[in-house]
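A.B. asks: Between the sequences and the hints, there should be enough to build the whole structure, so can you do that?
Taken in order, these protein sequences are the chains called A and B.
By this note's numbering, the letter at position 53 of the first sequence is numbered 53, and the numbering carries on one by one without gaps.
By this note's numbering, the letter at position 204 of the second sequence is numbered 608, and the numbering carries on one by one without gaps.
These are computed hints drawn from the structure, not numbers from a lab.
Where is the CB? At the ideal position from N, CA and C, for every residue including glycine.
Keep in mind that the hints are not guaranteed to be accurate.
[To be verified] Think about it this way: if two alpha-carbon atoms lie no more than 16 Å apart in a straight line, the pair counts; the simulated EDC-like pairs of lysine to aspartate or glutamate are:
#, chain 1, residue 1, chain 2, residue 2
1, B, 778, A, 284
2, B, 778, A, 290
3, A, 130, A, 191
[Said to hold, decoys possible] To give an idea of the interface, some chain A residues facing chain B are shown, with a C-beta separation under 10 Å as derived from the structure:
#, residue
4, 57
5, 143
6, 145
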Amino acid sequence: MAFDAPEELDDFRNEVRDWLEENCPASMRTPMKDDEIVWGGRREAFKNPDSKVWLERMGEKGWTAPEWPAEYGGGGLNKAQARVLQQELRRIKARPALFSFGLWMFGPALLEFGNEAQKKRFIPDIVKGKTRWCQGYSEPGAGSDLAGLQTKCEDKGDHWLINGQKVWTSYADQADWIFCLVRTDKSVKHDGISFLVFDMQTEGVEARPIKLISGSSPFCETFFTDVKVPKDQLVGKLNAGWTIAKRLLQFERSSISAGGFGGTGGSGILPPQEYAKQHVGVDETGRVSDGDLRARITDHLMYASAFKLTVQRSTEQAKAGQEVGHTASIMKYAAAKMNQDKCELIVEALGTDGLGWSGDGFAEDAKKATRSWLRSKGNSIEGGTSEINLNVIAKRVLGLREHQ
Amino acid sequence: MAFILSEDQQMLRDTAMAFARDELPVSHLRGLRDKDANGVDADTRSKLAELGFFGVLVPEEYDGVGLGMVAMGQIMEAQGRTIAATPLLQTAVLGTSIIVLGGSEAQKAAWLPKIASGDITVAVAVDEGTHHAPRNIATEAERNGQGYTLNGAKRFVADGHHADVFIIVARTFGEAGQAHGISLFIVPKDTQGLSVQALNTVDSHGAAHLHLDDVAVSEDNVIGAVDAGWEILDPALDRGRIALAAEALGSAQAAFDMTLEYLQTRKQFGQLIGSFQGLQHRAAKMFTELELTRSCIGAALSGVDENRNDTAELASLAKARASDLIHLVSNETVQFHGGIGMTDDHDSGLYMKRARVQEAQLGGASFHRDRYAKLNGF
Chain A
1 MAFDAPEELD DFRNEVRDWL EENCPASMRT PMKDDEIVWG GRREAFKNPD SKVWLERMGE
61 KGWTAPEWPA EYGGGGLNKA QARVLQQELR RIKARPALFS FGLWMFGPAL LEFGNEAQKK
121 RFIPDIVKGK TRWCQGYSEP GAGSDLAGLQ TKCEDKGDHW LINGQKVWTS YADQADWIFC
181 LVRTDKSVKH DGISFLVFDM QTEGVEARPI KLISGSSPFC ETFFTDVKVP KDQLVGKLNA
241 GWTIAKRLLQ FERSSISAGG FGGTGGSGIL PPQEYAKQHV GVDETGRVSD GDLRARITDH
301 LMYASAFKLT VQRSTEQAKA GQEVGHTASI MKYAAAKMNQ DKCELIVEAL GTDGLGWSGD
361 GFAEDAKKAT RSWLRSKGNS IEGGTSEINL NVIAKRVLGL REHQ
Chain B
405 MAFILSEDQQ MLRDTAMAFA RDELPVSHLR GLRDKDANGV DADTRSKLAE LGFFGVLVPE
465 EYDGVGLGMV AMGQIMEAQG RTIAATPLLQ TAVLGTSIIV LGGSEAQKAA WLPKIASGDI
525 TVAVAVDEGT HHAPRNIATE AERNGQGYTL NGAKRFVADG HHADVFIIVA RTFGEAGQAH
585 GISLFIVPKD TQGLSVQALN TVDSHGAAHL HLDDVAVSED NVIGAVDAGW EILDPALDRG
645 RIALAAEALG SAQAAFDMTL EYLQTRKQFG QLIGSFQGLQ HRAAKMFTEL ELTRSCIGAA
705 LSGVDENRND TAELASLAKA RASDLIHLVS NETVQFHGGI GMTDDHDSGL YMKRARVQEA
765 QLGGASFHRD RYAKLNGF
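C.D. replies: If you want it as structure tokens, here you go:
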């Protein structure tokens, strides 16, 4: 990797600053509203027209994927430059131009495992937000034991034929394409899995939203009935999909623990101590008068600080070239616990105001907090359950053996 | 926030780790205990002086090395690994910090070079009750013609049974509980009226109760402005808390490593016990707590060196989490080892005994949660 001299980096910073000044619309420098998040793809409505302009301009520069190679439409920046770009974006409080499973999960895996034609075909549209991707991993019979998946893929000479069912497919009903694990050999477990991509509009694909306990439906059941997929849409080698799947799960877990959780509440929800002060009250010294609740909130805040500092430490160590694989592996587990604890404490501090569902009898932020609390229960299930994460820490990090 | 050690800091860490491993293994503490030394160890004290460990926080102009808290933290973590009894927390961190932060030029010149060389050890005597409460000072310092007369008592002063010089926290104004009116006094151990009652403590490090009966202190031995000692004491205590948290981290890491090794060697039902999921998940959770707490301590250490304005918050974060961590890990270390962990021959118990002292000193988890919440306005 070429290191920039400090003055070159300063030049780059000035360049970025000028470009952002000219190209980032004013409304894209205000806090993100939940309904203005841009996921891209064929169905994107761009509720705020500025978000379309912002995505097009960022996509054109490749700065939605700053470190991806320029030959595939990425920004082609080195790490130091990408850091400068992030700093400048943060400085003006710019909204992310694009939320995308393509950027966070599929793209990095394709760059590593895809062939040249596939990279040329799919990466530019991920960068520009033209294609919205969904992930076909879990099945009704294959959750924590993901490698037990059974969606059948047969070689029909000039195409693959897919039959089976996926579940918990995030936004399958909104997505344009799917990256999907399928079974190409029933006689072996991990070595009989392949990695395919196909268009969700292909005949035989059906996505049905699943309503959650929180009332929202980000997930779908996805059914495949005699779906024909062109031969060149296999990524990597036949029966070698598990390696790609595992790598992609690492990208997924790190993007989840970096704050991409469902149930983090979104805008308008206050931290638990604020609700405790309002709803429980404070004593003459300013302490929340319920000492037990106060201590548990403090414990949570300390956990959250420890989490944030660990992310910082791990980032610094990675920059210094130190091994951080072991830190990354604990973050998904810790992030789930942290968010769930926060949601529980908020609902508890709200008292009966945290037990509303809909209507005018409850404040908007309180209702949102209640829904977030319910949604947060999925944090320790999605993207690898907490128990699976603890298994991974025990085996891969601590070197403990498998039970015989 | 700097989490990556500089070359100097890394070298010091390596030296301290090797020293603890080779010269102060747990068997060394066991030996001291078995000959009733009560943590008093002149030999180790002179080795620490040779290594320059007493002078890490002493500025170069006073014959120290002035390397800062991140560096000191590495030494504390190393001595924590082997639960070694050393005067470093009291002398090199607390005593030194009080003099560096609040001492007059004459006091610095008089005391700091002697601290750095290991010629004297210091014990800061704060608490008067059974729980850390640094504003609850009832020990009285009454103004008289030539200086002050001190009367009162201090409890469970670490290193109090062998320190050469005490820094006594006493009240010149107001009532117990108030920050204003607290003053700091230098009192050499052989001062008339000061009696030291040595304590045999559970961790074999020892400590002492102090009784002050008309102890006369001259004007020159008041540190900082009268009544305003809290302004010096509070940040100095924070440095001590962070250093002690680093020590506890070292103990927790060593106890965890020992436990992990046992999980990988002990067999039951024809299996390594480390293959049982009931133990694997608890080990994985302990590891997570260790990593999270390590970050808090790194941040607090570098926060002091960077002179950040949230050092108090970081100190309470570090000490609360380190206390909870060592509590958890020391208990699990005994439990994971089963029957052998209950025997005196095994080191598990020594870690658990030391853990409770590390937790209680300079404020336990509940003290620091309360403080952290107050600092955060609730």
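A.B. asks: Hint by hint, note whether the structure agrees.
C.D. replies: Okay, the hints, checked on the actual structure:
For the given pair, residue 778 (chain B) sits about 13 Å from residue 284 (chain A) by alpha-carbon distance, which is consistent with the 16 Å threshold. Taking the CA atoms of residue 778 (chain B) and residue 290 (chain A), the gap is about 14 Å. The hint holds against a cut of 16 Å. Note on residue 130 (chain A) and residue 191 (chain A): the hinted pairing is violated, with a Cα-Cα distance of about 33 Å set against a maximum of 16 Å. For the restraint placing residue 57 (chain A) at the interface with chain B, the shortest Cβ-Cβ distance is roughly 34 Å, beyond the 10 Å limit, so the hint is violated.
The restraint placing residue 143 (chain A) at the interface with chain B is violated, with a minimum CB-CB distance near 17 Å, outside the 10 Å limit. Annotation: residue 145 (chain A) was flagged as interfacial toward chain B, and the flag is violated, the nearest CB pair being 14 Å apart, outside 10 Å.
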